[in-house]
Amino acid sequence: MGKIKEIVILSGKGGTGKTTVAASLAELIHDKIIVDADVDAANMYLLMEPENIKETEFKGKSIANINTSICTSCNLCKELCRFNAIEVINGDYVVEDISCDGCRLCQTACPVDAIEMVEQIVGKWIIADTRFGDFIYARLNPGGENSGNLVAMVKYQSKLIAEEKNISTILIDGPPGIGCPVIASLSGSDYVIVVTEPSFSGISDLKRVLKLTEHFRIKTGIVVNKFDINIENTEKIEKFAQENKVEVLAKIPHSFCIIEEISKKSIPSTNCEELKKPVIEIYNKIKDYFEAEMAN
Amino acid sequence: MFIAVASGKGGTGKTIVSTSLALVAKKCTYIDLDVEEPNGHILLKPEIEKEVPFNLKIPKIDEHVCTFCGKCADACVYNAISIIPNLKKALFYPDLCHSCGHCTYVCPVNGAMEEVYREIGKIRLGISKDIKFIEGRIDVGVISGVPIISWIVNNYIDFNEINIVDSAPGTSCPVVESVKKSDYIMLVTEPTPFGLSDLKLAVEIVKNMGKKAGIIVNKDRGKNIIDDYAKTVNIPILLKIPYSIEIQESYSKGIPLVEAMPEMKGKFGELIDKIICENGKN
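The listed protein sequences correspond, in order, to chains A and B.
The letter at position 228 of the first sequence is residue 228 when you use the working numbering, and the numbering goes up by one with no holes.
The letter at position 217 of the second sequence is residue 217 when you use the working numbering, and the numbering goes up by one with no holes.
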């Protein structure tokens, strides 16, 4: 059996096709758990038809609350707060929820103990059954914070299930960007697939993501989606990949079939031939990589 | 006037829309607050005049003076400090620090802790034709872009002028920070189940914040899942941009939409005039 393998799909730039690639790979890998780590804007559930849904509330940081009947309006909390979270409304000192970072400095400093910390429910994580196996995803309440912690929670839960059921692969559809939730998705993973597109923006974002995976020393491969939109840029990506010793796993053409299938909420590689081949290529290359690693 | 362009789902066309708005608004400031992956510069090609490092205050512990009492570690809710009294070690993890100042506030020993600056990103200022260009950009490996977004919103925006903000994707803290002070939010979406699902989350934020908003449908192929939804939540559809491979090709080369398709110029012009007229304070 051996170690559980974690494969994360990232992109830097949003909308390049992470979920398309993730869902298509989910069809190919037999023994796996599927995780949607884009807790801000989860989409994978739309294609997975989840059943037997079990939801658990996720508590995030606590935020400050000022008891106005005790508060003496000394202004110390407002002076100290670096998040500009304390406002004076009609003479009352009030914490602005969305700005409060939960650092508790105001609570420590308050000379009359008028401030308490109140725990916030910031979202929920969900375990469900699908015809592809166990599926774990999450929903951050809109505007919520701590999405990195929620990503970590979802990953932790998927590992528990993998260990319990002896499952070998965890396939993670990651969030866009390079910040906190992306770093949380990456940490401890074994392989990163970066899905990019041949636009100047796609390339610029790809470079930033590759810097990140290099920083964390995680094996990375690239998938160029809609490669035929700009062949010249696709060649630039291939050259860049070669120079940086990162493999281009596959190229996917622009395809109305993929758009149509996603509009019907079905997994596009089932019916779109132009996607089937590159996805098999990705699958085989990653499989080879892990087999070689095991042999070492 | 502060117009924020946001989306929920990534890659729906925020940058295409915000740069188009900036190019048709005669005099304005374009502010790229997608600080993890700023791309507006690729389309607007500004001349960068100034690059300002953005620093956060972080603590520095002097182990020769520190008594290893552990008060700073107890105060830090982000677990950025560990104190090991037996080894006389004070460990600080800058990536976890939120720069709140709690640790230095509680430190009882004079001289054991001071605050120093750590660079986490850059603010680039420039000009592109009549457009003032401002961009925030975090260094790779930095966890949160929120401080730089907040700093730009509070220090660089002249609310008497027209400001067009390209915000981060998603629905969490960076987006909230980008749109908090806006007068109007344009939500860019695409007519797919993914686009709709994420639009719903973005609309929830807009409603929670009590902001005025409108929807722009990109990659429109004449299907109506967004139309029906927009009606039920009573948010106007401001503009539809057709699905076009030519648009994707020109975008891939860094050509702004209103230059690639001049017929869109008039539509964006009307749109921005209408929004300013109905929502502007000036």
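Because the hints were derived from the structure by calculation, they are not lab data.
Each residue gets a CB set at the ideal place from its N, CA and C atoms; glycine is no exception.
Wrong hints could be hidden among the right ones.
[Unchecked claim] Each pair of labels, with its calculated beta carbon distance range:
hint: 1; chain 1: A; residue 1: E79; chain 2: B; residue 2: D130; range: 52 to 60 angstroms
hint: 2; chain 1: A; residue 1: S62; chain 2: B; residue 2: D130; range: 45 to 53 angstroms
hint: 3; chain 1: A; residue 1: P111; chain 2: B; residue 2: S82; range: 41 to 49 angstroms
hint: 4; chain 1: A; residue 1: S187; chain 2: B; residue 2: E114; range: 46 to 54 angstroms
[Claimed, not checked] DSS-like mimics (lysine-lysine), calculated; alpha carbons at most 30 angstroms apart, straight line:
hint: 5; chain 1: B; residue 1: K57; chain 2: A; residue 2: K61
hint: 6; chain 1: A; residue 1: K219; chain 2: B; residue 2: K180
hint: 7; chain 1: B; residue 1: K129; chain 2: A; residue 2: K59
hint: 8; chain 1: B; residue 1: K89; chain 2: A; residue 2: K124
hint: 9; chain 1: B; residue 1: K122; chain 2: A; residue 2: K211
hint: 10; chain 1: B; residue 1: K57; chain 2: A; residue 2: K207
hint: 11; chain 1: B; residue 1: K45; chain 2: A; residue 2: K124
hint: 12; chain 1: A; residue 1: K207; chain 2: B; residue 2: K88
hint: 13; chain 1: A; residue 1: K61; chain 2: B; residue 2: K253
hint: 14; chain 1: B; residue 1: K253; chain 2: A; residue 2: K124
hint: 15; chain 1: A; residue 1: K239; chain 2: B; residue 2: K253
hint: 16; chain 1: A; residue 1: K207; chain 2: B; residue 2: K129
hint: 17; chain 1: A; residue 1: K245; chain 2: B; residue 2: K212
hint: 18; chain 1: B; residue 1: K180; chain 2: A; residue 2: K239
hint: 19; chain 1: A; residue 1: K265; chain 2: B; residue 2: K129
hint: 20; chain 1: A; residue 1: K61; chain 2: B; residue 2: K129
hint: 21; chain 1: A; residue 1: K211; chain 2: B; residue 2: K71
hint: 22; chain 1: B; residue 1: K231; chain 2: A; residue 2: K211
hint: 23; chain 1: B; residue 1: K231; chain 2: A; residue 2: K239
hint: 24; chain 1: A; residue 1: K61; chain 2: B; residue 2: K45
hint: 25; chain 1: B; residue 1: K200; chain 2: A; residue 2: K54
hint: 26; chain 1: A; residue 1: K277; chain 2: B; residue 2: K253
hint: 27; chain 1: A; residue 1: K265; chain 2: B; residue 2: K231
hint: 28; chain 1: B; residue 1: K200; chain 2: A; residue 2: K78
hint: 29; chain 1: B; residue 1: K26; chain 2: A; residue 2: K124
For each hint given before, does the structure comply? Return the numbers of the non-compliant ones in rising order.
Failing hints, ascending: 1, 3, 4, 6, 7, 8, 11, 12, 13, 14, 17, 18, 19, 20, 21, 22, 23, 24, 28 and 29.
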